[in-house]
Structure formats: C-alpha cells, structure tokens
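A.B. asks: The chain contents come next:
4 protein chains.
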Amino acid sequence: MPDALHELQSAMRQFAQERDWEQFHSPKNLAMALSIEAGELMEHFQWLTETQSRNLSDEHKAQVGTEIADVLLYLLRLCDVLQIDPADAARGKLLINAKKYPVELAKGRSDKYSHLHESRTAGEDPA
Amino acid sequence: MPDALHELQSAMRQFAQERDWEQFHSPKNLAMALSIEAGELMEHFQWLTETQSRNLSDEHKAQVGTEIADVLLYLLRLCDVLQIDPADAARGKLLINAKKYPVELAKGRSDKYSHLHESRTAGEDPA
Amino acid sequence: MPDALHELQSAMRQFAQERDWEQFHSPKNLAMALSIEAGELMEHFQWLTETQSRNLSDEHKAQVGTEIADVLLYLLRLCDVLQIDPADAARGKLLINAKKYPVELAKGRSDKYSHLHESRTAGEDPA
Amino acid sequence: MPDALHELQSAMRQFAQERDWEQFHSPKNLAMALSIEAGELMEHFQWLTETQSRNLSDEHKAQVGTEIADVLLYLLRLCDVLQIDPADAARGKLLINAKKYPVELAKGRSDKYSHLHESRTAGEDPA
Chain C
1 MPDALHELQS AMRQFAQERD WEQFHSPKNL AMALSIEAGE LMEHFQWLTE
51 TQSRNLSDEH KAQVGTEIAD VLLYLLRLCD VLQIDPADAA RGKLLINAKK
101 YPVELAKGRS DKYSHLHESR TAGEDPA
Chain D
1 MPDALHELQS AMRQFAQERD WEQFHSPKNL AMALSIEAGE LMEHFQWLTE
51 TQSRNLSDEH KAQVGTEIAD VLLYLLRLCD VLQIDPADAA RGKLLINAKK
101 YPVELAKGRS DKYSHLHESR TAGEDPA
Chain P
1 MPDALHELQS AMRQFAQERD WEQFHSPKNL AMALSIEAGE LMEHFQWLTE
51 TQSRNLSDEH KAQVGTEIAD VLLYLLRLCD VLQIDPADAA RGKLLINAKK
101 YPVELAKGRS DKYSHLHESR TAGEDPA
Chain W
1 MPDALHELQS AMRQFAQERD WEQFHSPKNL AMALSIEAGE LMEHFQWLTE
51 TQSRNLSDEH KAQVGTEIAD VLLYLLRLCD VLQIDPADAA RGKLLINAKK
101 YPVELAKGRS DKYSHLHESR TAGEDPA
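Residue numbers (this note's numbering), protein chains in the order written: chain C, 1 to 127; chain D, 1 to 127; chain P, 1 to 127; chain W, 1 to 127.
This is chain C alone, in the form it adopts within the complex (with noise of 0.2 Å):
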C-alpha cells in the first residue's frame, strides 16, 4: 500500500496532467503558491488570541482543514517537479534541529538557537 506522500502527490501529478498544467507548475510559481496558501491558512487566526485559537469550532475548524490541505497538496507538488522526498527532507531537518536546540539549553524557551548559544556563553562559569 502507498504511503499517503506517495499516493497524494500522484492524484496531484495526474491532476496536473490531465489539465496541461505542468506548463504553469515551475517550483518559481509552486512556491509562490504554497505562500500564498500558508497565508490563508494564518488568516483564520489573525484576530484570535492564542486561546482563542486553541478552541475553534468544529466549523472553523473544518475550514482550517480545506486550507491545510491546500499547503500540503502544494507541497506535494513542488517536491514532485523537484524530485525532493519531503519524508526524508524533514527527517534530516529534525537531526539538525535536535543538535541545534538541546534539550537542556531550549527546555522552556523560545528563543532563536543563536541566541540560545549566546546566552549559554554568557552564563557560564569563569571558572
């Protein structure tokens, strides 16, 4: 059985296909595109506070799900005419960020790794 990547980015490949669309999905427009969509997305929750948008009704949520959906089905896409594996893209980028934010540096923390690294220097023992 296909893994859901696999079998999402073919029903986009054939999608794409059946309309002469490949002429219009350079990585250039497909990444603008995705832009575009994640700004949808973050429109459902502009005035929310973050409680706010912690509980959203099922209807709001329901649209929130149409708009994921739009970021991954061009995600999917991108990696497709890219020939990028997303899966394993993000696997690698999970090593790096478990290098970048230790756990004993980040715990509770938001701050970008640079300054995380800053701040471990400047707290240091002299000794």
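You may find that some hints are simply not true.
It does not matter which identical chain is used: a pair holds within one copy or between any two.
[Claimed, not checked] In silico DSS-like cross-links for lysine-lysine, where the CA-CA straight-line distance does not exceed 27 Å:
{"id": "1", "residue 1": "K100", "residue 2": "K112"}
{"id": "2", "residue 1": "K107", "residue 2": "K93"}
{"id": "3", "residue 1": "K99", "residue 2": "K61"}
{"id": "4", "residue 1": "K100", "residue 2": "K61"}
{"id": "5", "residue 1": "K112", "residue 2": "K61"}
{"id": "6", "residue 1": "K93", "residue 2": "K112"}
Simulated from the structure, these hints should not be mistaken for lab results.
Here the structure of chain C is known, so what remains is to put chains D, P and W in place on it, guided by the hints.
C.D. replies: This is chains D, P and W only, laid out in the frame that chain C set:
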C-alpha cells in the same frame, strides 16, 4: 509500519514535549511559523526565472529541501495540535478541486475557477 | 519639497537603474520580494505574546524598523513599476473600509465584515 | 500640509480608535495582517509570466492597487503602534543597501550580497 506523516508528527510532538514548547505551539503561532518558512522557501526562487527554477544545482536543491522540511514539520505540528488529519483533508480537497476545475474547462488554462466558469457562461451558445 | 513617498520611490528607481536591475523588477518578482520581507518582519513577533510584542526593547525595535523599511521600499518600487499611486490607493481603500465596517457594527469586534453584516441581519428587529 | 504618510497614519489611527480596535492592533497581529495582505497582493501575479505581470489590464491594475493599499495601511498602522518612522527607516536602509550592493559588483546581477562578495574574493588577482 507507521505512515511517514504519522512518524514525523510523533517525532515533532516528542521534540516539543521534551523542550516544554507546547506552551508556544498555539495554532496561531504555528500558522505564523508555517507562513514564515514558506516565505524562506520562496526566497530561493525570488530572482530566478521560471526556467532557472526548474534547473537548480544539487547544492541549491539541498537548501530548498531544508526549507521544504521546515514547512512540512510545522504543518504536521499544526495538524497534531488541531487534531486534523492532513491526508484526509488533502483527499477531500482533491475532490473539491476536481469539481472546480473540470478537465474540459481548465485544460491549458491557469485562470481562477471563478473566471473559468464565467468564461464558460460568456461563451455558451445562447440557444 | 517632495513627499517622502516620492522621494523614496525616486531613490529606489535610481538604485535599480544604476545596477541594471530593472530587468529583475517585474511586478511578479517585486510582489514576491515584498511578501518575503513581510515574512521576515513577522518572524520578529513569531513566538512573542501580543503583550510582549507591544513592549520591544530598543534593540529589537531597531531590527524591526529595518524589516519595515524593506517592505516599504519594495512596495514603493512595485508602485513605480506599475504606475500606481500608493497614497491615492490607500485613500480609496479607507473609504471602502469605512463603509464595510460602520462604527456602530464594528465597535470592539474583530469579525470579518461579512460576519458583521450577517450578525446584523440575524439580530435585526423584524418589525 | 502633512506628508501623505502622516495623513494616512492619522486616518488609520482614528479608524481604529472609533471602532475600539486598538485592543486587536498588537504589533504581532498587525505583522500577521500585513503578511496576509502581501500574500493576497502576490496572488494576482501567481500564474502570470513576468512579462504578463508587466502588462496588466486597467481592471487588473485597479485590483492590485486595492491590495497595495491594504499592505500600506497595515504597515503604517504597525509603525504608529511601534512609534517607528517608516520614511526614516527606509532612508537608513537605502544607505545600508548602497554599501551591500556596490554598483561595480552588483551591476546586472541578482545574486544575494553574500554571493557578490564571495565571487569578488574568488575572482581576485592572488598577487
């Protein structure tokens, strides 16, 4: 064997839990993070022609893969927090898109679906 | 004395001409650049609470100012290339917004205008 | 006579005050709003070629003008809340850009400035 989407989602959840980052991971903040990463992804194509964007060097493609990973990981984290299944959402959206963009109308055209349907109306034989 | 908007627009035009960058400054590319810079601006607020975002340090505010500058400069460059007057466009939009969000309906509410008008209908005295 | 930037900024401030919207206008929320509007602006160019984006119809240009207005108005509102002067910030950034992209290096090239300086180093006469 778990699906790649679920495997990555679990890894992100554990990553956040270990760092006590769940407090920062409101849907509002995660949607912002996703949009910011989508902008960083797009930045790689900003001044390229569409043709250039189809012909990235291996080095450039690796950098793009890292940005794709960031987008995917935040997307999965957002889905986890909201309890939305991304693959189900995407399957549902593909069905909607197939209705919005019927092959016979959309073939070779990049118009938004509202324009597609308008132009069909405009071009219809009034008889 | 020229208006600040025109002064900055002229400076950007000259900057582009001197570097032979007009070839890269298509409206499509400039709109991408603007969106990317807007993402970088937003990044400064990503993990802050709303309250924290209202109380930036001077250092942080200076960084934010630099991102604001990037957004404004690309916006003015886009207006120049498209021959759109940004102040006139903004004045026109303010009039539209005043109609969309009448004070008596919008007061203290962040709902999108379509919801405002729906809720007015719903709450209207049928008499 | 006030500068257009200050005139529009005052109008936006009054608009927000009359509607009791200052509570929603945290810098965090305004930066999100700005980024969302930048996405809507970009959407107009998403599937156009660069050449097409240089040749918009009058109707399309008017629509683009409305999106540009939204971006500018949120930018000015953000500057007002943060007490940042947008024209001063932009003047400062133009000076920085002039140093980053010297004419003799940047002419006809869209490379990021880091690459510009690298390639200068690479091409230097080793003597």
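A.B. asks: If a hint holds in the structure, say so; if it does not, say that too.
C.D. replies: Status of the hints after comparison with the structure:
no.	hint	in the structure
1	K100 / K112	both (9 Å within a copy, 25 Å between copies)
2	K107 / K93	within (19 Å within a copy, 36 Å between copies)
3	K99 / K61	between (34 Å within a copy, 22 Å between copies)
4	K100 / K61	between (33 Å within a copy, 22 Å between copies)
5	K112 / K61	between (30 Å within a copy, 17 Å between copies)
6	K93 / K112	both (16 Å within a copy, 24 Å between copies)
Violated hints are absent here; each numbered hint is respected by the structure.
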